[in-house]
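> Sequence:
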Amino acid sequence: MATAQKKKESAQSLTENYRSTDSMSYFSNSTSNKSKRNGSSSISVKNNKTMYKFRASFNDEITADVRGFLQKKFEDLKFSNTNQTTFWTIVKNKEEAFSCKLSEGHVRIYADKEMISKGFQEKLKAIGEELK
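At position 44 of the sequence shown (counting the first as 1) the number is 44 in my numbering, and the numbers step up by one without a gap.
Be aware that one or more of the hints could be misleading.
[To be verified] Calculated lysine-lysine pairs in the BS3-like style (CA-CA distance at most 25 Å, straight line):
id : residue 1 : residue 2
1  : Lys101    : Lys46
2  : Lys113    : Lys46
3  : Lys53     : Lys132
4  : Lys94     : Lys132
5  : Lys101    : Lys53
6  : Lys118    : Lys94
7  : Lys49     : Lys92
8  : Lys73     : Lys118
9  : Lys123    : Lys49
10 : Lys72     : Lys125
11 : Lys113    : Lys101
[To be verified] Cβ pair distances, simulated, as ranges:
id : residue 1 : residue 2 : range
12 : Phe87     : Ile62     : 11 to 21 Å
13 : Phe79     : Glu130    : 16 to 26 Å
14 : Lys132    : Lys94     : 28 to 38 Å
15 : Ser103    : Glu130    : 11 to 21 Å
16 : Ala64     : Ser99     : 32 to 42 Å
17 : Asn81     : Glu61     : 11 to 21 Å
18 : Asn93     : Ile62     : 27 to 37 Å
19 : Lys125    : Asp60     : 24 to 34 Å
20 : Lys94     : Thr50     : 12 to 22 Å
21 : Glu114    : Asn59     : 33 to 43 Å
22 : Phe69     : Glu96     : 30 to 40 Å
23 : Ser117    : Ser40     : 27 to 37 Å
24 : Lys118    : Gln84     : 25 to 35 Å
Read the hints as simulated data drawn from the structure, not as lab findings.
Glycine included, each C-beta is placed from N, C-alpha and C at the ideal position.
With these hints in hand, go ahead and build the complete structure from the sequences.
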């Protein structure tokens, strides 16, 4: 029991010790979820002046929930499905300004901040926070 408590405190400490600088933010967490869906998750966020990246791995069983969440958040964007993978993209001047790839147990979001609006940047940051 003491070991479980230490792991919980360590995870909380990791979350509480999240640091942000002008050039980059990074957060990573790995936890065991003892609720109705057992499994572990890992989250990584990189955010600087020119780009935003969000990567998460999670239990395959919640992929459908994550897909529904993202479809609601990106309802204005076109998406495609290929082999159980869902893609959302924004292309400007033949360059990828934004992409989101969701596959079983994984989600990746990338945005070139120089090519997307401040409002969309804030939306992505909020989505990342909700996915945590």
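> Each hint needs a verdict: does it hold in this structure or not?
Structure-based check of all given hints:
Proposed proximity of Lys101 and Lys46 is supported: the alpha carbons are some 16 Å apart, at most 25 Å. For the given pair, Lys113 sits about 12 Å from Lys46 by alpha-carbon distance, which is consistent with the 25 Å threshold. Using a Cα cut-off of 25 Å, the hinted pair Lys53 and Lys132 holds, with the two alpha carbons roughly 14 Å apart. With a CA separation close to 32 Å, the supplied pair Lys94 and Lys132 exceeds the 25 Å bound.
A distance of roughly 12 Å separates the Cα atoms of Lys101 and Lys53; the hinted pair therefore holds under the 25 Å criterion. With a CA separation close to 21 Å, the supplied pair Lys118 and Lys94 stays within the 25 Å bound. This hinted pair checks out: Lys49 and Lys92 have alpha carbons roughly 19 Å apart, not beyond 25 Å. Using a Cα cut-off of 25 Å, the hinted pair Lys73 and Lys118 holds, with the two alpha carbons roughly 16 Å apart.
As the CA atoms of Lys123 and Lys49 are separated by approximately 16 Å, the hinted pair is consistent with the 25 Å bound. At roughly 16 Å between alpha-carbon atoms, Lys72 and Lys125 fall within 25 Å of each other, so this suggested pair holds. Annotation: proposed proximity of Lys113 to Lys101 holds, straight-line Cα distance about 18 Å (limit 25 Å). Hint check: Phe87 to Ile62, Cβ distance near 19 Å, so the stated range 11 to 21 Å holds.
A hinted range of 16 to 26 Å holds for the C-beta pair Phe79 and Glu130, which are about 18 Å apart. The hinted range of 28 to 38 Å is satisfied by Lys132 and Lys94, whose Cβ atoms lie roughly 33 Å apart. In this structure the hint that Ser103 and Glu130 lie 11 to 21 Å apart at CB holds, the actual value being about 19 Å. In this structure the hint that Ala64 and Ser99 lie 32 to 42 Å apart at CB is violated, the actual value being about 21 Å.
A hinted range of 11 to 21 Å holds for the C-beta pair Asn81 and Glu61, which are about 19 Å apart. The supplied range of 27 to 37 Å is met by Asn93 and Ile62, whose beta-carbon atoms lie about 36 Å from each other. Against the hinted window of 24 to 34 Å, the Cβ-Cβ separation of Lys125 and Asp60 comes to about 26 Å, which satisfies the hint. Our hint of 12 to 22 Å for Lys94 and Thr50 holds, since their Cβ atoms are close to 18 Å apart.
Take Glu114 and Asn59: their Cβ atoms lie about 35 Å apart, and the range 33 to 43 Å holds. Phe69 and Glu96 have their C-beta atoms about 22 Å apart, which leaves the hinted 30 to 40 Å range violated. Under the hint 27 to 37 Å, the C-beta atoms of Ser117 and Ser40, about 35 Å apart, fit the expected range. A C-beta distance of roughly 34 Å is found between Lys118 and Gln84, which places it inside the suggested range of 25 to 35 Å.
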